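Construct the entire structure; sequences and hints are all you get.
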Amino acid sequence: MGRYVMKRLLSAVPVLMIVGIIAFALSHLSGGDPARVVAGNDATTEQVEAIREQMGLNASLPNQLWTWFVNMLHGDLGYSYILNEKVTPTILSHVFPTLSVALFGELIALAIAIPLGVLAADKHGRLADKIVLAFATLTTSLPSFLAGLLLMILFVLQLKLLPASGFVYPSDDFAGYITHLILPAVSVATLQIALISRMSRSSMIDALGSDYIRTAAAKGLPRSKQLWGHAFKNSSIPILTIVGQSFGELIAGAIVVETVFNVPGIGQLVVNSILRRDYQMIQGIMIFVALVFIIVNLITDVLYAVIDPRIRERSF
Amino acid sequence: MTEATAVTHNKPAKTRRGSNSWWNAVLSSPSTMIGGGLLLLIALACVLVPWLGNMDGYTTNTSAMLLSPSAGHPMGTDNVGRDTFTRVLLGGKASLTVGISVAAISGVIGFVVGLYAAYYPKIGYLLMRICDGLMAFPAILFAIVFIGSFGQSTRSVVLALSIVFVPMVARVVRSATMTNMNENYVQVLVNLGSGSFRILWKNIVLNVIGAWIVEVTFVFADAILVEAAMSFIGAGIPQPQASWGNMLYDSRTYIYSAWWMTVFPGVALALTVFVINMFGDGLREVFDPKRRR
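Quick mapping for you: the protein sequence lines, in order, are chains D and L.
If you're matching positions, the first sequence starts at 1 in the UniProt record's numbering and goes up one per residue.
If you're matching positions, the second sequence starts at 1 in the UniProt record's numbering and goes up one per residue.
Just so you know, the hints here were simulated from the structure itself, not pulled from any lab data.
Here the structure is a predicted model, which is why all the values come from computation and not from measurement.
Treat the hints with care, since some could be wrong.
[What the hints assert, rightly or not] Stretches of chain L that chain D covers, calculated by requiring three or more beta carbons in the stretch to come under 8 Å of a beta carbon on chain D:
| # | stretch |
| --- | --- |
| 1 | 123–134 |
| 2 | 143–150 |
| 3 | 185–199 |
| 4 | 233–244 |
| 5 | 253–260 |
[Said to hold, decoys possible] Partial chain L-side listing against chain D, Cβ under 10 Å, derived:
| # | residue |
| --- | --- |
| 6 | L48 |
| 7 | V80 |
| 8 | G81 |
| 9 | F137 |
| 10 | A139 |
| 11 | A270 |
| 12 | V273 |
| 13 | M278 |
[Stated by the list, open to error] Computed Cβ-Cβ distance ranges for the label pairs, DEER-style:
| # | chain 1 | residue 1 | chain 2 | residue 2 | range |
| --- | --- | --- | --- | --- | --- |
| 14 | L | V190 | D | V5 | 52 to 60 Å |
| 15 | D | R277 | L | S28 | 48 to 56 Å |
| 16 | D | N58 | L | L206 | 51 to 59 Å |
| 17 | D | E46 | L | M55 | 45 to 53 Å |
| 18 | L | Y58 | D | I295 | 42 to 50 Å |
| 19 | D | Q245 | L | S196 | 47 to 55 Å |
| 20 | D | L157 | L | V205 | 48 to 56 Å |
| 21 | L | N79 | D | I307 | 50 to 58 Å |
| 22 | L | R198 | D | K7 | 49 to 57 Å |
Think of the CB as a built atom: it goes at the ideal place given N, C-alpha and C, for glycine as much as any other residue.
Below, the structure written as structure tokens:
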């Protein structure tokens with residue numbers, strides 16, 4: 001088990017390096033002068049020069065890449081010259097609301113999508129299956145921010161059921177925290193529902209066609225036990241994979257949805273940074289999300305081994 | 001050499017038969033036909049109607065602000081008195097243009113990358129790690145940073161999204177190509193002395209193109225969604241150009257008073273993406289013989 005985890009950790013290193021190089025290239029290989037971009041249009045030549053020196057842009061490109069990379073590994077994602085703040089602490093102070101929306105959304109998605117997928121597989125080819133597939137295509141086509149806007153019109157304006165916007169910290173008011181999270185979380189969940197229900201449907205169909213299910217049916221095991229006790233256990237790995245792989249999109253969805261519901265998370269930081277033309281901050285956020293994505297996928301890889309002993313064995 | 005020529009001579013007939021059976025499968029797949037037909041209809045409406053009707057989606061009119069839908073303005077007017085119906089059509093033209101451009105660029109590059117990554121495993125390993133790195137970034141954040149470096153314009157949006165979507169296409173093409181590499185016919189061609197160019201571009205291509213078309217269709221839909229999200233947070237197609245994302249951006253301040261500013265561009269966006277996804281799902285069934293049955 002320990003060796004398996006080590007192997008996974010090592011396999012993340014090249015990806016991490018590529019992520020760093022791409023992010024570095026994005027800001028340093030553009031036609032314009034990065035110092036000029038950071039300083040803004042009103043800055044004088046001296047100010048631009050000072051910023052260039054401060055950013056280390058006078059060093060050679062490989063040197064810059066190295067410094068930048070070492071900083072990244074130390075958790076330093078850069079400096080915002082507009083806010084005059086370090087990027088990393090600013091991002092971290094905005095993480096909690098975004099994470100709340102994303103995780104709550106993921107929970108809602110799992111609670112809806114897995115039963116739907118299992119139902120569709122059980123009724124493969126029949127009406128219920130077709131309805132689930134159509135529902136999945138519909139939710140893939142509905143971007144989360146649009147779902148948010150429409151939910152807002154429906155629940156806030158027409159039914160007057162839920163708070164329109166804002167965010168309450170759970171330490172202040174737990175009930176308020178939950179009610180403020182419902183709409184953003186449901187909006188974020190739309191795409192996840194589509195992905196997870198499709199994946200659980202197809203992997204359940206594979207599992208239900210296998211010999212051990214035929215045996216279970218032959219010995220008279222009730223259908224619900226065949227489905228949940230046997231088939232589902234074996235189809236949980238592809239479901240876990242899709243949850244890990246779509247994590248980036250989940251966060252991206254949460255970022256955009258936040259702006260609809262005025263949640264003070266990373267999304268708001270992105271939008272404000274766009275307005276302030278603070279691209280250092282946005283770049284930091286991009287790398288931060290990529291790092292979280294890599295970590296989440298490492299965790300799912302390790303979870304495979306926890307779920308399925310065969311994967312543990314194979315890696316030795 | 002003669003044998004090699006014989007193989008070449010057999011090819012065209014086989015190709016034609018292959019494409020005919022695909023075509024028949026397309027004709028007998030309702031979701032491909034309906035999805036494709038509706039997509040064509042939407043595209044034609046967005047391009048032709050504003051042009052034929054000589055409609056103006058840009059001139060502001062202070063005496064016609066925030067009018068609710070009526071006969072004169074079937075979808076109402078926005079906060080500066082522009083006709084929402086016209087702007088929905090123009091926005092559709094912008095969104096579809098972005099989607100098609102991204103699908104074409106990332107489709108072609110992804111195809112080449114995927115094909116060679118499968119054929120030359122060592123280059124392939126490197127290329128796939130680069131793809132892994134690119135895929136770690138959410139499309140929207142990557143595109144916003146790209147725009148920060150290269151300037152906010154429709155061209156930047158297209159370029160940024162094309163880069164983001166290359167790995168998705170490349171992965172699909174690579175795995176489809178690798179499946180083919182293990183087939184006997186490739187070994188036969190290698191033994192006959194065919195070069196890599198010939199094997200890849202005349203033989204394997206035909207077996208990979210189905211999976212590729214399906215993936216490119218989904219990239220088309222995804223690109224439209226990401227562009228809309230970018231414009232919605234003010235970092236996409238520059239204002240005042242009409243795009244569905246830009247219209248939804250404008251609508252946010254008036255969501256309590258002018259629901260039509262949100263609902264019409266929103267429904268147009270969701271409907272278009274739904275139709276493209278339906279088309280893609282249909283194509284997937286057409287090209288995947290296992291599912292066709």
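Violations among the numbered hints: Violated hints: 3, 6, 7, 8, 14, 19, 22; rest satisfied.
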